[in-house]
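Peer 1: Got chain A sorted already, so can you dock chain B onto it with the hints?
Top to bottom, those sequences are chains A and B. Here my numbering is used: position 86 in the first sequence is 86, and no number is missing along the way. So the number in my numbering is just where the residue sits in the second sequence, counting from 1, plus 261.
I should point out that these hints are in silico values taken from the structure, not numbers from a laboratory. Think of the CB as a built atom: it goes at the ideal place given N, C-alpha and C, for glycine as much as any other residue. Treat the hints with caution; some may be incorrect.
[Claimed, not checked] Okay, the calculated bits of chain A under chain B, using three or more residues with CB under 8 Å as the criterion: (1) 77-84; (2) 95-109.
[Said to hold, decoys possible] Examples of chain B residues lying across from chain A (beta carbon under 10 Å, computed): (3) Phe341; (4) Glu343; (5) Trp350.
[Stated by the list, open to error] Which chain B residues face chain A? A few, computed with CB under 10 Å, are given here: (6) Asn310; (7) Leu364; (8) His385; (9) Ser393.
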Amino acid sequence: MTVATRPGALRFLGYAASVVVVLGTWEYLSRRAIIPLLFPSPLSTLRIGLKLAGSGQLEADLWASLRRILAGFVLGSVVGVVLGVSMGASRWIRWLIEPYTNFLRFLPALAWIPAVMMWLGTGERAKIALLAYTTVFVVALNTMAGVGRVPRNQMRAARSFGAGRLQVFFLVTIPATVSYMLTGMRLAMGNCFMTVVAAELVASDSGLGYLIFSSRQWMQTELAFVGIVVLGCLGVIADAAFQITSGWFLWRYAPSGRSTR
Amino acid sequence: MAYIAFRSLDFRYGTHGPFIIRGFELELRRGEFFVLVGPSGCGKTTVLNILAGFEAPSGGEVLVDGESVRGPKRDRIVIFQEPDSLYPWLTALENVEFPLRVLGTGRAERRERAAAALNLVGLHGHEGKHPSQLSGGMKQRVQIARALVLDAPILLMDEPFGAVDAQTRIILQDELAQIAARTQRTILFITHDILEAIFLADRIGVMTAGPEATLKKIVDVELRRPRTRGSPEFGELYEHVHQILSEEVRRTLRREDSLL
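The shape of chain A in the complex, shown without the other chains:
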């Protein structure tokens, strides 16, 4: 057991050592060498962060962002899976939709902010729409690729057992594609974190993006750093949570499976 856990423990040690050294150097430099107003020290950032947390403001901003991310992510994933499965299953659907997916996937959600604000206003709906937008294409394209990569023998076996097209679709194609859907969703989660900041920078009075942006008005650089650190941590946690929960519920759909031997 100790042998098995040692690499993990060593890795954690490496992470911790690196963070301590970087933060320590930064703390030292911001006291000695550079202007604290522009480069706030880790400790003063922590102080401001705790104050903000104490007032409940940080928590409110955090939940505001997280709610938007979740809503947009779920909505976008559902649409993306449906779109990707349809495009993978039918050539005609793919030919009809592909021009748009190929065009839109290079357009960041950022480019749509003005238009979406005009269509949907500055409220929650606009932000959720932007987050869903940034999710849809990654999930759809990954799902479509998965549908095209179902092993031929799995399809042939099902057909020789007398399965009709619908049965092959639901009993083979869909479960065989789950791991591709999950890969797409994990990538999309990263996009959501980037997009939420952009959306909140431009049009919002809450959320971590707003917190980061509003710090400029008061020359409180610490506030921006608090927002950045919290957002970064949230991202790491969200990714880990996504992997762990999908691992619990969906390990049997993983491409190589899990071996207990």
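Peer 2: Just chain B now, with coordinates in the frame of chain A:
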């Protein structure tokens, strides 16, 4: 009348490609174990895939019980060489249940029949394992159980033991011979292993080297069952089949040389 009949079968990709199979003729009797051998790449698998209904012939036809093959059907189940036809998200038991699920059989009956089929191939106690947790030989047993559970009269086996280690292969051959004797299926079995062919077959068909491959000769295997691999008759037969086959293999090699 023959149970399965290949009638002047042709196959090529597209309408202008070279013929892979040309004028292939073969009749199989009900309940016989027929093994097809031939140089690698000669088109054995293509013949099997056409009978399975996975590929359509470019000319001629295949009849099963007098009826022309029009696509896959549950009276002809394929056991593939690669175990990737098993569904990795299902357990061994659920994989064997799969054909019954397609049929709409009730859950309790499905469970019972699948468990019995797994038992028949010696996988009792492994029902809950997923394919990734099974060895190559065990996966092939699951495939065989999945074919047996449907009571399909025809089994099409495409080098099912080709990717299994030599020791396991011999055990699987023994078991398959027993299962075949007990269940009276008509079996078309492909291999490049002459020993395997002689051990299992009622008749062995040797194919010519491709392209335009066809059946060269049929050898009757009249050894008594259960067979022992070391008997003198076994050795004679091996020499006989080996000679027929090696002519074709040499032709393949010569062609490959001239291409270089």
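Peer 1: Of the hints stated earlier, which fail here?
Peer 2: Of the numbered hints given earlier, those the structure breaks are 1, 2, 8, listed in rising order.
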